[in-house]
Amino acid sequence: MHQITINTRKTEQFLEITDKIQQLVQESGLKNGLAFIFCPHTTCGLTINEHADPDVTADILTGLTRIVPVNQTFAHREGNSPAHIKASLMGSSVAVMVENGQLLLGTWQGIFLGEFDGPRTRRLWVKFIETDKD
Amino acid sequence: MHQITINTRKTEQFLEITDKIQQLVQESGLKNGLAFIFCPHTTCGLTINEHADPDVTADILTGLTRIVPVNQTFAHREGNSPAHIKASLMGSSVAVMVENGQLLLGTWQGIFLGEFDGPRTRRLWVKFIETDKD
Amino acid sequence: MHQITINTRKTEQFLEITDKIQQLVQESGLKNGLAFIFCPHTTCGLTINEHADPDVTADILTGLTRIVPVNQTFAHREGNSPAHIKASLMGSSVAVMVENGQLLLGTWQGIFLGEFDGPRTRRLWVKFIETDKD
Numbered sequence: 088m089h090q091i092t093i094n095t096r097k098t099e100q101f102l103e104i105t106d107k108i109q110q111l112v113q114e115s116g117l118k119n120g121l122a123f124i125f126c127p128h129t130t131c132g133l134t135i136n137e138h139a140d141p142d143v144t145a146d147i148l149t150g151l152t153r154i155v156p157v158n159q160t161f162a163h164r165e166g167n168s169p170a171h172i173k174a175s176l177m178g179s180s181v182a183v184m185v186e187n188g189q190l191l192l193g194t195w196q197g198i199f200l201g202e203f204d205g206p207r208t209r210r211l212w213v214k215f216i217e218t219d220k221d
Numbered sequence: 088m089h090q091i092t093i094n095t096r097k098t099e100q101f102l103e104i105t106d107k108i109q110q111l112v113q114e115s116g117l118k119n120g121l122a123f124i125f126c127p128h129t130t131c132g133l134t135i136n137e138h139a140d141p142d143v144t145a146d147i148l149t150g151l152t153r154i155v156p157v158n159q160t161f162a163h164r165e166g167n168s169p170a171h172i173k174a175s176l177m178g179s180s181v182a183v184m185v186e187n188g189q190l191l192l193g194t195w196q197g198i199f200l201g202e203f204d205g206p207r208t209r210r211l212w213v214k215f216i217e218t219d220k221d
Numbered sequence: 088m089h090q091i092t093i094n095t096r097k098t099e100q101f102l103e104i105t106d107k108i109q110q111l112v113q114e115s116g117l118k119n120g121l122a123f124i125f126c127p128h129t130t131c132g133l134t135i136n137e138h139a140d141p142d143v144t145a146d147i148l149t150g151l152t153r154i155v156p157v158n159q160t161f162a163h164r165e166g167n168s169p170a171h172i173k174a175s176l177m178g179s180s181v182a183v184m185v186e187n188g189q190l191l192l193g194t195w196q197g198i199f200l201g202e203f204d205g206p207r208t209r210r211l212w213v214k215f216i217e218t219d220k221d
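Protein chains in written order, with my numbering: chain A, 88 to 221; chain B, 88 to 221; chain C, 88 to 221.
Chain A extracted, bound-state conformation:
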């Protein structure tokens, strides 16, 4: 298992991690397969979306907060239940194909850590699955 560490800087933000994952792929020597990225935290999540215009992930953050408003009453005493809900809406892992040692992403895609209860030091775990070329 490989690990990367990310220091988030705001209460909520999407941070692109594509380059960090690509670097791990190169270090691993994997030519063909899948990169599986897992978030071991419960108030942040992972998603793949547009990285060309940073307004898109800003809008996803805005949209998520409209979906799960922060001023609602919840049972959990820590007061961060909206962050837990957003984490489950995004999901705790993503997987991306690798071919010829390169992550295969669409033209506009990047891999993002969604921080919903920061700023914190977050770790991500990565494992590679080797497959045939096709």
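Hints listed in this document are in silico derivations from the structure and should not be mistaken for laboratory results.
Any copy will do: because identical chains look the same in the list, a pair fits if it lies in one copy or spans two.
In silico SDA-like pairs for lysine to any residue, Cα to Cα no more than 25 Å straight-line:
1. 97 / 163
2. 118 / 217
3. 97 / 194
4. 118 / 186
5. 97 / 193
6. 118 / 195
7. 107 / 193
8. 107 / 212
9. 107 / 148
10. 107 / 186
11. 107 / 88
Given chain A, work out where chains B and C should sit, using these hints.
Here is chains B and C on its own, set in the frame of chain A:
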């Protein structure tokens, strides 16, 4: 990596792709493992849900639009931020088990591409992971 | 493919399945790889979130019902469209790393079946993917 192409016909719709994936499984000769399906776009996503009654995916579309109304103001100039949000809510990939050369799905399940900013020509990427029989 | 059976007891609830999956990992003899868990139903889903304080999953349930209110009108005659929508929001599968025969989860994480249209007898399918140690 295998690729399938899908022409969506509406602004928003769920299109079943189960048969196309099953056909790829057969062509690949995979007997036991996983089919990993990845969407390289940022305004459509993938989900697995009921395919018996088409009202179900129609209702999921209705539900998503109630969750992310189209008349909200967002920063992204293209005006399709609700589509990006829906894509992240559904997710960019699904994985399905394969046994004896057949996709393993529940009785009512089908695999769907969720188009949220169509109509467009969409591509899906598929990779197979071989595993032991169990 | 391995199968576990879970009897849900309420209309809606999150039930932790971490121990059942860990037991399957041990029975399988898998040392390093991934456990892939698939839900073959269309009105329940899978998520990974906090298991230390049961208020957290109770709040996720509350949050999901605020997002998809039960009193909305939908087309599907069975009347359980909100359950189908919640299932797609959570997702039909999760994957967790295994190292030295142990599931690798964050300190606060557990694996949960989210029942949205119970009580019912639910099955979950599990497949293991072997990988190198790293």
